[in-house]
Amino acid sequence: PDLSFSSPVPSWAIIAIAVVAALLIVTCCFCVIKKCCCKKKKNKKGKKGKGDMGMKNLTGGQKPQDDDDEEDDVEPGLPGEEKEEEVKEKEKLGKLQYSIDYDFQENKLTVGILQAADLLSMDSGGTSDPYVKVYVLPDKKKKFDTKVHKKTLNPVFNETFTFKIPFQEMGGKTLVMSVYDFDRFSKHDVIGEIKIPMNTLDLAKPIEEWRDLDSADQEEPEKLGDICISLRYVPTAGKLTICILEAKNLKKMDVGGLSDPYVKINLLQNGKRLKKKKTTVKKNTLNPYYNESFSFEIPLEQMQKIQAVITVLDYDKIGKNDAIGKIWVGSKSTGAGLKHWSDMLANPRRPIAQWHPLQPEEEVDQALAALTAKK
Numbered sequence: 001p002d003l004s005f006s007s008p009v010p011s012w013a014i015i016a017i018a019v020v021a022a023l024l025i026v027t028c029c030f031c032v033i034k035k036c037c038c039k040k041k042k043n044k045k046g047k048k049g050k051g052d053m054g055m056k057n058l059t060g061g062q063k064p065q066d067d068d069d070e071e072d073d074v075e076p077g078l079p080g081e082e083k084e085e086e087v088k089e090k091e092k093l094g095k096l097q098y099s100i101d102y103d104f105q106e107n108k109l110t111v112g113i114l115q116a117a118d119l120l121s122m123d124s125g126g127t128s129d130p131y132v133k134v135y136v137l138p139d140k141k142k143k144f145d146t147k148v149h150k151k152t153l154n155p156v157f158n159e160t161f162t163f164k165i166p167f168q169e170m171g172g173k174t175l176v177m178s179v180y181d182f183d184r185f186s187k188h189d190v191i192g193e194i195k196i197p198m199n200t201l202d203l204a205k206p207i208e209e210w211r212d213l214d215s216a217d218q219e220e221p222e223k224l225g226d227i228c229i230s231l232r233y234v235p236t237a238g239k240l241t242i243c244i245l246e247a248k249n250l251k252k253m254d255v256g257g258l259s260d261p262y263v264k265i266n267l268l269q270n271g272k273r274l275k276k277k278k279t280t281v282k283k284n285t286l287n288p289y290y291n292e293s294f295s296f297e298i299p300l301e302q303m304q305k306i307q308a309v310i311t312v313l314d315y316d317k318i319g320k321n322d323a324i325g326k327i328w329v330g331s332k333s334t335g336a337g338l339k340h341w342s343d344m345l346a347n348p349r350r351p352i353a354q355w356h357p358l359q360p361e362e363e364v365d366q367a368l369a370a371l372t373a374k375k
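The sequence shown: position 276 = 276 (UniProt numbering), numbered continuously.
Derived from the structure by calculation, the hints contain no laboratory data. Here the structure is a predicted model, which is why all the values come from computation and not from measurement. Check before you lean on any hint, since a few could be wrong.
Claimed, not checked - Restricting the straight-line Cα-Cα distance to at most 16 Å, the calculated cross-link-like pairs of lysine to aspartate or glutamate (EDC-like) are:
id : residue 1 : residue 2
1  : Lys151    : Asp189
2  : Lys278    : Asp260
3  : Lys151    : Asp118
4  : Lys147    : Glu292
5  : Lys317    : Glu361
6  : Lys264    : Glu222
7  : Lys92     : Asp260
8  : Lys264    : Asp322
9  : Lys282    : Glu292
10 : Lys282    : Asp322
11 : Lys92     : Asp254
12 : Lys283    : Asp314
13 : Lys223    : Glu193
14 : Lys320    : Glu361
15 : Lys276    : Asp254
To be verified - Restraint ranges, calculated between C-beta atoms of paired labels, are given here:
id : residue 1 : residue 2 : range
16 : Thr110    : Val156    : 15 to 23 Å
17 : Gln302    : Asp254    : 34 to 42 Å
18 : Leu114    : Gly257    : 40 to 48 Å
19 : Gln115    : Glu301    : 29 to 37 Å
20 : Glu246    : Ser121    : 27 to 35 Å
A virtual CB, placed ideally from N, CA and C, is assigned to each residue, including glycine.
Using the sequences and the accompanying hints, generate a full structural model.
Structure (structure tokens):
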């Protein structure tokens, strides 16, 4: 027999072997590609983690460009973010330039309110009507107000105020400068304040500096209420008309939680009383409505010397009528009182109405006494 002859391999077997070989090759390629992709992903994650740590440790670095990754990595409410927000809020309040000088021979502290800058806008128009209240703690009785500057966030005041304080008492005093936004028809909002313990200053030399405003303390002085009055002056007739319109939120003076308020008007010239008037008494109310007008003959040349002191009192049949609070308006007044008077003179024959927060009786009396002492 012919031994060199052998039967051929069936065709189906050859096809099966080829298919199996192709499947093995495809499987190997898939595994290699998959491993490469996994390594790339791990490398990306590692780089991203390092980048995030770098962002936390470095300031001024660039943020990742991947918006989706940013959302996953940001943790709201971090302490650092809260501190940054607080700093921003403080910066937004604005800053104040002031001067402090102490005269050792006369025991006199002189405080200058020079200007403010970048104040927080309090009005809807994006501006404010700022003025500054200056006083020394713990004695709140003697307070000074600068003039009101309309529609500005960068007012220039250039006003000075003096306090008579012995040097041995200066260590326990704190100077307060509060910036307010004037509002004719509602409460004046505080923009910010600066408190300076006097024992932290070197009073041997004058001080002039800028300082950022801090948020004002939440504690508020006792509220006495508000009064709305109208002023009108006719120069040709030399006639001043003061109309007591109404009061609101008056301090409770009676045991029953109410009061019997009436209003007294004293017209002063150089500290001397020229005339006085008073309204009717409104029983058992903290929100009396009067709408009572009083006219005074004042020549135009004397208007600069006139001060009108308006006192709200609680009527008592038996005892003394207690003062709830006072305001005063005139050319020598300050803050809201001066502004109301100036608006009246700038608009002859036209009634100008304005709300005023009542002040403690002793504060107004001291301000008037200081005014008289200057003359």
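Hint by hint, here is what the structure shows:
1. Lys151 / Asp189: Measuring from Cα to Cα gives roughly 15 Å; hence the hint holds.
2. Lys278 / Asp260: Given pair Lys278, Asp260 holds - Cα atoms ~14 Å apart, limit 16 Å.
3. Lys151 / Asp118: holds (13 Å)
4. Lys147 / Glu292: violated (29 Å)
5. Lys317 / Glu361: Outside the cut-off at roughly 21 Å; violated.
6. Lys264 / Glu222: The hint is violated at about 22 Å.
7. Lys92 / Asp260: violated (44 Å)
8. Lys264 / Asp322: holds (12 Å)
9. Lys282 / Glu292: With a Cα-Cα distance of about 12 Å, the restraint between Lys282 and Glu292 holds, given a limit of 16 Å.
10. Lys282 / Asp322: Judged against 16 Å, a Cα distance of about 15 Å means the pair holds.
11. Lys92 / Asp254: Violated. Lys92 to Asp254 sits at ~44 Å, over the 16 Å cutoff.
12. Lys283 / Asp314: holds (9 Å)
13. Lys223 / Glu193: violated (20 Å)
14. Lys320 / Glu361: Distance ~15 Å between Lys320 and Glu361 Cα, so the pair holds.
15. Lys276 / Asp254: violated (26 Å)
16. Thr110 / Val156: 15 to 23 Å: holds (19 Å)
17. Gln302 / Asp254: 34 to 42 Å: Given about 40 Å between the Cβ atoms, the range holds.
18. Leu114 / Gly257: 40 to 48 Å: holds (46 Å)
19. Gln115 / Glu301: 29 to 37 Å: holds (34 Å)
20. Glu246 / Ser121: 27 to 35 Å: Holds: the Cβ-Cβ distance is about 30 Å, inside 27 to 35 Å.
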